[in-house]
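Asker: So the chains spell out like this:
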Amino acid sequence: MDLSLTPAEEAFRLEARRWLEANVPSTPLPSGDDAEGFALHRVWEKKLFDARWAVVSWPEAYGGRGASLVEWLLFEEEYYRAGAPQRIAQNGIFLLAPTLFEFGTQAQRDRILPRMAAALDVWAQGWSEPGAGSDLAGLTSRAVRDDARGGWRLSGQKTWCTRGAHCDWMFGLFRTDPAADRHRGMTYFLVPLRAPGVTVRAVGRLDGDDGFADVFLDDVFVPDDDVLGGVHKGWEVAMATTSSERGLTLRSPGRFLATAARLVDLGKRFGVDERLRDDVVRAHIDAEAYRLYTQQTVTRVMDGGSIGAESSLNKVFWSELDVRMHATALEILGERAELVDDAPAAVDLGAWMKGHQFALAGPIYAGTNEIQKNVIAERVLGLPRR
Amino acid sequence: MDLSLTPAEEAFRLEARRWLEANVPSTPLPSGDDAEGFALHRVWEKKLFDARWAVVSWPEAYGGRGASLVEWLLFEEEYYRAGAPQRIAQNGIFLLAPTLFEFGTQAQRDRILPRMAAALDVWAQGWSEPGAGSDLAGLTSRAVRDDARGGWRLSGQKTWCTRGAHCDWMFGLFRTDPAADRHRGMTYFLVPLRAPGVTVRAVGRLDGDDGFADVFLDDVFVPDDDVLGGVHKGWEVAMATTSSERGLTLRSPGRFLATAARLVDLGKRFGVDERLRDDVVRAHIDAEAYRLYTQQTVTRVMDGGSIGAESSLNKVFWSELDVRMHATALEILGERAELVDDAPAAVDLGAWMKGHQFALAGPIYAGTNEIQKNVIAERVLGLPRR
Amino acid sequence: MRFAFSPDQLAMQTALRALLEKECPAPVVRAAWTSDTGHSPALWRSLTDFGLVGLTADAAHGGVGLDELDLVLLLEECGRAAVPAPVLEATAVAAPLLRDAANDALNARWQPALASGEAVVTVGLAGSDFVVAANVADLVLLERSGELHAVPAGALTRTAQRSVDGSRRLFTVQWEPSAETLVADGEVASRAIAAARDRGALAAAAQLLGLARQMIAMTVGHVTVRKQFGAAIGSFQAVKHHLANALVKVEFARPLVYRAAYSMARGDADRSLHVSMAKAQASDAAEVAARAALQCHGAIGYSYEHDLHLWMKRAWALGAAWGSAAQHRARVGEALFGG
Amino acid sequence: MRFAFSPDQLAMQTALRALLEKECPAPVVRAAWTSDTGHSPALWRSLTDFGLVGLTADAAHGGVGLDELDLVLLLEECGRAAVPAPVLEATAVAAPLLRDAANDALNARWQPALASGEAVVTVGLAGSDFVVAANVADLVLLERSGELHAVPAGALTRTAQRSVDGSRRLFTVQWEPSAETLVADGEVASRAIAAARDRGALAAAAQLLGLARQMIAMTVGHVTVRKQFGAAIGSFQAVKHHLANALVKVEFARPLVYRAAYSMARGDADRSLHVSMAKAQASDAAEVAARAALQCHGAIGYSYEHDLHLWMKRAWALGAAWGSAAQHRARVGEALFGG
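Protein chains in written order, with the numbering used here: chain A, 1 to 386; chain B, 1 to 386; chain C, 1 to 339; chain D, 1 to 339.
This is chain A alone, in the form it adopts within the complex:
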């Protein structure tokens, strides 16, 4: 065991810190969840890309630095510590890209990854459907073969597509063999959102921002080149990367370490009694625990190990931690907690109430915590399914 950083890792961290100090906007960007803010975030993403900080763990050929997982963790810590903007490109970078690296063709990678890294194309995920949320295998959107044009015609509705109203492309599963049973006969498609037949409707989120979209597909043509990982293989392709995403890259410790540090700071500014101080300390310890847990995981992966159902432990832990931290912050703020947006008396521009609302989504998205706890019980502990 060696928890210290190598000189190279230290140097990497310092370089990231210096660049962020020099480049993070001094006033926060507006929310990236409406059109105007989204455009500003695209500029920021491009700036990250130009300095090769957009995708540090990717090969240099695609705009990365070939950074190790340890370095990636360090970058994330620095990024959130610096209060840098939200990553509107994250669903592509953290959810689609690993799948492309594992299942994509060379041509797909060459075509898609550089534009994704530079935020020239921003990707939305298209998993959920009105009838398929926690039960993803219940999806009914379908793709029909079009031999004449060498591709597929997609129809159906995807929902809760994060920032879908502003994205360029969407990745998602569609049923290509309606006769196959629930978990089979699905294919993983890459869908241009500007294509004919696509209608995108912005859907407001809890906090009022248009953070979601419904995507309606009516006979949308997608060429064979935009099938990822083989026809009818969609479920396996999607699942193969879910664990590592949920277990490692979806929410890096840096985010929660930064929140915990801000919470300690808030406690100092507003004063906390022994009860609230205990809650703040819990948050600090939990964020540390999450960092260390992730370091264990990173070491295992770097040793060639894999991440399985344990990823569900991860997701339950950070999502519940995030809710607790924000609840503690609101308690510290007292009656001022309810102030938002441009309220002159709002503390930190209402960021805690905004963050609270976002945190409440954590136990729901990426597989509800109820489902994750089933997975922990059944696949980590070995309890019987019903």
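Since the hints were made in silico from the structure, they are not lab data.
Covered stretches of chain B, as calculated for chain D (at least 3 residues, CB under 8 Å): (1) 130-141; (2) 329-341; (3) 366-378.
Counterexamples of contact, computed for chain A against chain C with all Cβ distances above 12 Å: (4) E21; (5) S155; (6) G230; (7) V264.
This structure is a prediction, so every number in the text was calculated from the model and none was measured.
In this text, a Cβ means the ideal position worked out from N, Cα and C, and glycines have one as well.
Mind docking chains B, C and D on chain A? Use the hints.
Answerer: Structure of chains B, C and D alone, referenced to chain A:
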């Protein structure tokens, strides 16, 4: 709404308080869960009976005072406030007696109730079996008709019979029609534990006391007179009284009010920071909530209303409260919490650790809280069963 | 000992519920979020005609003259419907505060106007920086340095403070105390203001009960219909237990709230303590109910289009307003432990 | 950065687990509850022969000379098996404390005896009123007024203090400090004692991890077999979620415990803070695991005949010993907030 007491109620409360002040042993009786302690508690029960405090809500003819439910609540508050001994007769008084009042014959009541009230006969419950705990309808103990002698022959095993090793009689369900489906074909029997064919084996409880017993029945004869409420009607008879017991008489508020008051006192003696003080205050408020909730229920019952599935709310609330209160006490005690029995440095003779262990049984007995929460969801809120 | 409401009190509750189902369905609540004032004069008129707005106003001055125990179930209904109107401020707090602290002339001037719906009266007491509905108020009762003042809206400088609950219009206000605005000082003011603060906390607690119960009801409706894995999600034990836990919290807050109303109405010596117990428990219960409701709704409840958030945000706001759960427990702690 | 144990460390853990499965099954634990001393010389011999007892003893004096990072997984195994032996006191605390504070002569006298199993050495530091295993100890290291003393068992007056954990024999002790018993004072003593207290807390945390994991394992075994309503109770979602919640708590306490061991071994400047984080989290995790285990066992786990309570009561005791979760969080709070 009138939350004050009538002069008669006040007088009743004062009479109870005075008698308890004069008669409650100044040093606690030993645990009633072993043979010696049980005998001493029988003496105490007799003393209560002689002063007509054993069964205040029963008719005078059976040793009661015909007290109203309000008066019963007051008596219970005074009883626990006075630190009076545990009630070894409670399973008979609170679980069997209401059933006898509703379903018993006059002859049964006349024969059984006075001896129960005077603790000449102490009753054990015989519900659970090794294969039937939460799933009571899964019980397999059986009774076979004996026409020659005019009765039944009982065989099987009952388990977790509280203080069964020291009791005189047991009440419980036995299968009289093996062909009927799970919830039918059972009969409610009154079983003499000294009868031939009965073997009682004491089973140690978490705290080391012999608080449980296994009762083995091998062709035990029970005459028809000891069938309660009709052959094959056992399930309905048992269930008809369960709700009111769980909802009202099983655990009166007085017990938790007294615990909360002792907890406040403990906090004052040992000092508490703002965090622990908040926990103590929660306990105090929750105990008050339970008292007031019970007053609502009592008013409803006195108005002719009934207690249905809401009784499950009650059971969940007091059992979780009891666990929280004891956990708080252990935190206040710090390293001394682990001391028990005759440890010279133990606080209050180790009563809090003892009480903690007892409290942990609360979410398990009388139907686990998991089952109670299912009942709340399905029968109070109307959610679908599986 | 009798812990139950009178037939009259229950009948008023039933009547108000029927009125609100008609006059204040979710679209009315939602409309208030985006309207200029957050206030619906039509709804206010309905509530006034029902007798709710003037319920606590002095009978000698055109009010109904009823007390906290008569009001508590009606406030619970206002919570259940997430009524976007300053009933708490005007009816639960301002009218009794005027009665307790103001002279006859002032009462004669404002109680009838308040009861008839002509004038909206709201309050700003020490302990809170904000005045609810100052934008639609005609008069604001304000505390400063232990004095109570009645300040006409025109004499206030208001700064809007946007709340997460779009129908709660909050303002910080600047004003000049003067001999003309002075209503009471000394013992009279401090006693009246203390009672007013208790009434505010009690009213918030009552509304939180209704909000919580309605969030549970909305969720029951959703999980009974929504299917995943081939079954209504309400048939899954985790969903059942979330809702059962929430219901337990609410149902064991309820009698504390009713008792506090009783104690306030009777002037019980422990009334402040009873109010604190009620507010602490109701704030917590509503918080638990909101969490359970959102989690059981899933992404659907997370969308702005769904009505759940209208109730949830009101619950967050009222949970902290008039003293948070922890602040009220601290007050109980002072009584139990001293200082 | 590399967060993993070495193959040697893992091999030792595996070997100890195998040894304990053989030498310390539940009946051995249970027997210690009712034996006169609570101590099993045979088990102590096995642990000594394995090298565990002398693991941290000075290599120059017959010990193995390893550090906290080498020990932590072995302590976890002792927790998993609920080992009824003072490994924490002798190995984790006393041997390094002697090394840090005592002169060569004292070390030469006691380290070899400790390492060879000839002598049992235990400790009584300020902050606790109790000495574990004083009845079988040959030497007790005791703190008074900032001084460290080494007191032979014969010079102690012991009063037994019965613990809920029958194999934890606690004593209050009376003794007279003297020049002969004095080991160290001043800066040397205070630094050595502070480290000893951290080592005690770390060792308790490690054992709590093992206890918690084993309680979960016992429960998994039970709920997989136990049937109610026609199905294994482990197939019910409520049972699954109890155990999943417990596992999350344990698995996120684990890296904090390992990091604390690393920091202690390296003499990291933040080592005390890291120990407090570890102990706070491990105490809480074991508490949650115990609750989940008992609830999922139902009445069967509540019986004295079942083994669960042997583990559960150890968890309760160690949860509070060497500083409770809240006390350790308070220490972290001082570092974060100051004073």
